[in-house]
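Chemist: Using the sequences and the accompanying hints, generate a full structural model.
If you read the protein sequences in the order shown, they are chains A and B. Residues in the first sequence are numbered consecutively from 1, following the working numbering. Residues in the second sequence are numbered consecutively from 1, following the working numbering.
Simulated from the structure, these hints should not be mistaken for lab results. Where is the CB? At the ideal position from N, CA and C, for every residue including glycine. Honestly, I wouldn't trust all of these hints.
[What the hints assert, rightly or not] Using C-beta positions, here's what the derived DEER-type ranges look like:
no.	chain 1	residue 1	chain 2	residue 2	range
1	B	V29	A	E110	42 to 48 Å
2	B	K142	A	P184	53 to 59 Å
3	A	D135	B	E110	33 to 39 Å
4	A	Y69	B	D28	56 to 62 Å
5	B	G108	A	D28	44 to 50 Å
6	A	S185	B	T136	51 to 57 Å
7	B	K155	A	I112	34 to 40 Å
8	B	P119	A	K213	31 to 37 Å
9	A	V121	B	D135	30 to 36 Å
10	A	K213	B	E130	30 to 36 Å
[Unchecked claim] Restricting the straight-line Cα-Cα distance to at most 20 Å, the calculated cross-link-like pairs of lysine to aspartate or glutamate (EDC-like) are:
no.	chain 1	residue 1	chain 2	residue 2
11	A	K167	A	D135
12	B	K35	A	D180
13	B	K171	A	E210
14	B	K12	A	E211
Here's the letter readout for the chains.
Protein chains: 2
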Amino acid sequence: MHTKNISTAVIKRLPRYYRYLGELLAHDVVRISSKELSEKMGVTASQIRQDLNNFGGFGQQGYGYQVEYLYTEIGKILGLDKKNKLIILGAGNLGMALTNSTGLQKRGFEIIGIFDVNPQVVGKKVRDIEIYHVDTLESFLKEHEVDMAALTVPKAVAPALAADVVKWGVKAIWNFAPTDLHLPSDVVQENVHLTESLMRLSYKKKAAEEEKK
Amino acid sequence: MHTKNISTAVIKRLPRYYRYLGELLAHDVVRISSKELSEKMGVTASQIRQDLNNFGGFGQQGYGYQVEYLYTEIGKILGLDKKNKLIILGAGNLGMALTNSTGLQKRGFEIIGIFDVNPQVVGKKVRDIEIYHVDTLESFLKEHEVDMAALTVPKAVAPALAADVVKWGVKAIWNFAPTDLHLPSDVVQENVHLTESLMRLSYKKKAAEEEKK
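Modeler: Below, the structure is given as structure tokens:
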């Protein structure tokens, strides 16, 4: 099926379905009704049916969804049916957190290089992955196929570094720098703005307090 | 004004407005038109007017928005007009990344304690903030007012630890564990699911590749 036909809102929810289906699969669950899945996930059964019916004719009345089939199909939509090769730009705490994330490894994301400018870390290895100097990035990208680059460097250097890796062929940027990158239209990006996330929590807390008044 | 009257979609965008306005303020910009702001932020001027008109009668025709006023008002809505006290649960790479984040400090989030079980880090200090043993959490929360807890511990222990801090009075959880927490209705949460974010990037990349075909 063509991913184009699925709405952005559904796409946003797909990784969460994928996580729940993966957990069911790990517990050897073969099939699940929309009602059971609805109780687990805290969304309505009708929402689940609407979302998952995008993926064809499963979810038969009285039978439920085939967990493995659905998991595999959603995995394909998400591009997880192949290994995705990732580089980490910035060997600071955040870069190390990503490097050590078991979640990423479980989903088939393979980190093949880490890049930094700090002579104290360049040359070291983390989980057998080498930390290279940023100066070697261009030649590394010529020699290796890289699907995505995680950008965990300071804001001041992030836009220029992103422009460099894009120039050298990377088509997907996972941006952690608290700035908006202006990239060519054929390059995709996903932003994780941690401070903005915490501000949303702060807003929710304040709103909840006001509601009680 | 009452935050209740603002739509969730606008709220989601507020931290980004706040970031841009903060940058303008840092560059001594006194006022800005919706057109200029629109070009900077890459959203339509009409969207900006719609969003910002929620905050009352600024943005006069031919005058533009008063940057400092708007920045201050949005800060109030986001609960940033006071110091927010934060604890970090988990002194791993992610916990350290948050502890060292200058963005958090700049927005008035003050980290007052870090908690872990690892004897190798308990007792140490990071930026003058002590790392305590998790066993001391209950007494710490009795003695200190804590606005929010960042949960950066492994998935297997996250739900129980979240339940504990909530029991001991914390009303806002910033959850980084790749699991959904089931918290009482008066407790707010904000989730940062990193692997899901990367899956969305993977989806976008695959969709962009298919479009080219």
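Chemist: Hints first: check each against the structure and report whether it holds.
Modeler: Okay, the hints, checked on the actual structure:
Checked against the hint of 42 to 48 Å, the C-beta distance between V29/B and E110/A comes to roughly 44 Å, which is consistent with it. Between K142/B and P184/A, the C-beta spacing of about 54 Å keeps the proposed range 53 to 59 Å intact. Roughly 38 Å separates the CB atoms of D135/A and E110/B, a value that falls within the hinted 33 to 39 Å. Hint check: Y69/A to D28/B, Cβ distance near 59 Å, so the stated range 56 to 62 Å holds.
Here the CB-CB span from G108/B to D28/A is close to 48 Å, well matched to the stated 44 to 50 Å. For S185/A and T136/B, the hinted distance range of 51 to 57 Å is satisfied, since their beta carbons lie about 53 Å from each other. Restraint check, K155/B to I112/A: a C-beta distance of roughly 25 Å breaks the suggested window 34 to 40 Å. Our hint of 31 to 37 Å for P119/B and K213/A is violated, since their Cβ atoms are close to 44 Å apart.
At roughly 33 Å, the beta-carbon separation of V121/A and D135/B lies within the given 30 to 36 Å, and the hint holds. Distance hint for K213/A and E130/B: a CB-CB separation of about 35 Å, consistent with the stated range 30 to 36 Å. A hinted pair counts as satisfied when its Cα atoms are at most 20 Å apart, and K167/A with D135/A qualifies at roughly 14 Å. A threshold of 20 Å between alpha carbons decides the hint, and for K35/B with D180/A the separation of about 18 Å falls inside it, so the pair holds.
About 13 Å separates the Cα atoms of K171/B and E210/A, which keeps this hinted pair within 20 Å; it holds. As the CA atoms of K12/B and E211/A are separated by approximately 19 Å, the hinted pair is consistent with the 20 Å bound.
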